[in-house]
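Participant: One line per chain: the protein sequences are A and B, in this order. Under the numbering used here, think of the first position of the first sequence as 1, with each following residue one higher. Under the numbering used here, think of the first position of the second sequence as 1, with each following residue one higher.
Quick caveat, the hints were computed from the structure, so don't treat them as lab data. A portion of the hints provided could be inaccurate.
Copies of the same chain are indistinguishable here, so a pair counts whether it falls within one copy or spans any two.
Said to hold, decoys possible - Straight-line distance between alpha carbons at most 20 angstroms, and here's what the computed EDC-like set of lysine to aspartate or glutamate pairs gives: (1) Lys-95 to Asp-118; (2) Lys-146 to Asp-135; (3) Lys-161 to Asp-135; (4) Lys-8 to Asp-182; (5) Lys-161 to Glu-40; (6) Lys-8 to Asp-111; (7) Lys-146 to Asp-119; (8) Lys-8 to Asp-219; (9) Lys-146 to Asp-168.
Number of protein chains: 2
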Amino acid sequence: MGGAVNRKPATVFDVARESGVSTATVSRVFTGKTDRVAPETLERVRHAARQLGYTPSEIGRSLRLATTRIVVLIVPDATNDFCADVAISLEQALKTAGLSMVLCNTGEDADRQDELIDDAEGLRPHAVILLGAIDTPRLRALARSKTRVVFVNRRPSPGVKAPFVGIDNEAAGRVVARHFLDRGYARFAIIHGSRRYSASRGRLTGFLACLAESGVPADSVTQIESELTMEAGYRHGRELLSRASPPRAVFCGNDMIAYGIHRAATERGVGVPADLAICGFDDNRVNEWLAPWLTTVRIPALDFGPAVLSLLQGGEAAEGEVILPFSLTLRHST
Amino acid sequence: MGGAVNRKPATVFDVARESGVSTATVSRVFTGKTDRVAPETLERVRHAARQLGYTPSEIGRSLRLATTRIVVLIVPDATNDFCADVAISLEQALKTAGLSMVLCNTGEDADRQDELIDDAEGLRPHAVILLGAIDTPRLRALARSKTRVVFVNRRPSPGVKAPFVGIDNEAAGRVVARHFLDRGYARFAIIHGSRRYSASRGRLTGFLACLAESGVPADSVTQIESELTMEAGYRHGRELLSRASPPRAVFCGNDMIAYGIHRAATERGVGVPADLAICGFDDNRVNEWLAPWLTTVRIPALDFGPAVLSLLQGGEAAEGEVILPFSLTLRHST
DNA sequence: TTGTACGCGTTATCAC
DNA sequence: GTGATAACGCGTACAA
């Protein structure tokens, strides 16, 4: 049995002493500069390290290099399947680059986001990734700082230059509107996320613009700003369907909303799509299995992680952006 | 405009110089020892810090205190809703204690788990939380080390003492078997997770024991060890239903499996529960909305995070354990 | 109430 | 190919 139990972790000094070399050599071994170390020395050091149960301290390393290998991902709502998928794909991508991911949840709360940004900066992270960021002074300060920042799915406010990964939301909104028009529907509703999010704004803008250009009168389109949860969708669905003249087709800010509306419709005996057409957004993984009826805009959530990583690796002052493709998945709800 | 742009982050020294005090005083201000600082000095320091955009470096702090405020959560499969819920609830709970969560995914791969454990120890984390851990020598070494470890949903191998959060899986298996028997079903199948997981083993043991005690012959029970995914459930479902004498009731290792089986049954025109009864496990959040037909064992996934935190805070050498309650959610699939 | 001085573990630089 | 050494940012014991 090694004696590595019940003592504080071994350090480079311990390994150096044990293997009869200097700390510099030990460091060289563990930073991969093995070509500058004699093979025999290399083996001696490795052996001693194993013996002592030595694992290099990221803390010491980070202090010396003035940065950690941690990437902080801040999401608005981790219970949302889309956020979860982005987190999963990002964690996988980061691991290939030797980076760890800290996950934080704002709960869509601006103050909480700002606190999390403070905490994140305290970690001196390799980068901060913001999914669905909320525009606050603190956020702008972060974007101005030396900290690497990547915005996902929400563009930084004009004037803030920073890498971006997302889709063309306005085009997506237009595609849905066009689809509704092609089907011949006349009265519409859109239940969208907060206007503070450029993603929500973009979809709303594209949807409304396409309808307007096709001569749909503005009073035929109900707009509802909503949380993006199943509960909210259910609530709004009940309200919409109890109106004297309910909408014929509804475009949802995400699939969660769509699930809620569908339930509201089912409970009232409203046929989908016979009486009400529903279009979601995101195309969550479970759809194929549990909601094979849902027409929705498919976003390649699992491609977001690799895209973010490519931006992180793309040179120092990268201001690049990655626009990922979307597509309309046609099923039976429209 | 403050001049905090384009320079390296401010340190205690900068703040000390700017506010005309010593670094010790600055440190005292930011570690909450404000009662040992004159109110006027306090304000001066805070002002200077704001001016400089100073955020205390967790790195320096961690080095000094020989530990970070990071908790590493290692999960087998983040795409699983149960894992996701545990992660979410843990992140929330940890934040209240000023801790950050690093999330890693083993993909059910033992080697990868061991690598992640190495990485985790390098971070000198406050604690490592293992959900569905795989028993390896490396894991045992971790449990023996000074690193705080909490096992979730899987008991450490006998001889390894460590805090545990989970449910009574054997009792859960029995409850499902009893339910099947009460409904009068005769031929059974259980599609369970890897026997390497004590959680899977426990459910299997309880299920089989209860059936055996009730006089069900062993050859009336099909056992299938499987991945816990929708795809695997679908595959096994097709296979089971194509048999000459298919099972009448199937107990699934988790809800994902159940979704897959349900789809396989639907595609073949097999009625649920008329021809096949299905019982899941976990009761994912989406069930109420998208699978309101699924009878399943409800696990309070969102209570796991707080439970883990309570163990972390429960004294130094806590070897406590938290057994959370489960219940059978009866719906229409049985 | 405040300041001085040290050490935490690592790596880059320089000298040999 | 190897070693000695100086930082990196912070918290605290001790001194004033």
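Participant: Under a CA distance limit of 20 angstroms, which applies to Lys-146 and Asp-135: within one copy, between copies, both, or neither?
Facilitator: within (18 angstroms within a copy, 43 angstroms between copies)
Participant: At most 20 angstroms between C-alpha atoms: does Lys-8 with Asp-111 qualify within a copy, between copies, both, or neither?
Facilitator: neither (39 angstroms within a copy, 26 angstroms between copies)
Participant: Tell me, please, which holds for Lys-161 and Asp-135 at an alpha-carbon limit of 20 angstroms: within, between, both or neither?
Facilitator: So Lys-161 and Asp-135 pass the 20 angstroms test inside one copy only (14 angstroms; across, 48 angstroms).
Participant: Is it within, between, both or neither when you check Lys-161 against Glu-40 at 20 angstroms Cα-Cα?
Facilitator: neither (51 angstroms within a copy, 39 angstroms between copies)
Participant: Using 20 angstroms as the alpha carbon limit, work out where Lys-146 and Asp-119 are close: within a copy, between copies, both or neither.
Facilitator: This pair counts as within: shortest intra-copy Cα distance 16 angstroms, inter-copy 26 angstroms.
Participant: Regarding Lys-8 and Asp-182, is the shortest C-alpha distance of 20 angstroms or less found within a copy, between copies, in both, or in neither?
Facilitator: neither (69 angstroms within a copy, 56 angstroms between copies)
Participant: Go through the copies and call it for Lys-146 and Asp-168: within, between, both or neither, with a Cα cutoff of 20 angstroms.
Facilitator: neither (28 angstroms within a copy, 50 angstroms between copies)
Participant: Could you place Lys-8 and Asp-219 in one of the four classes (within, between, both, neither) given a Cα distance threshold of 20 angstroms?
Facilitator: For Lys-8 and Asp-219, the Cα distance exceeds 20 angstroms both inside one copy (70 angstroms) and across copies (54 angstroms).
Participant: Have a look at Lys-95 and Asp-118 and pick one of within, between, both or neither, based on CA distance no larger than 20 angstroms.
Facilitator: Classified as between: cross-chain Cα gap 13 angstroms, same-chain 24 angstroms, threshold 20 angstroms.
Of the numbered hints given earlier, the model fails hints 4, 5, 6, 8 and 9; all others are met.
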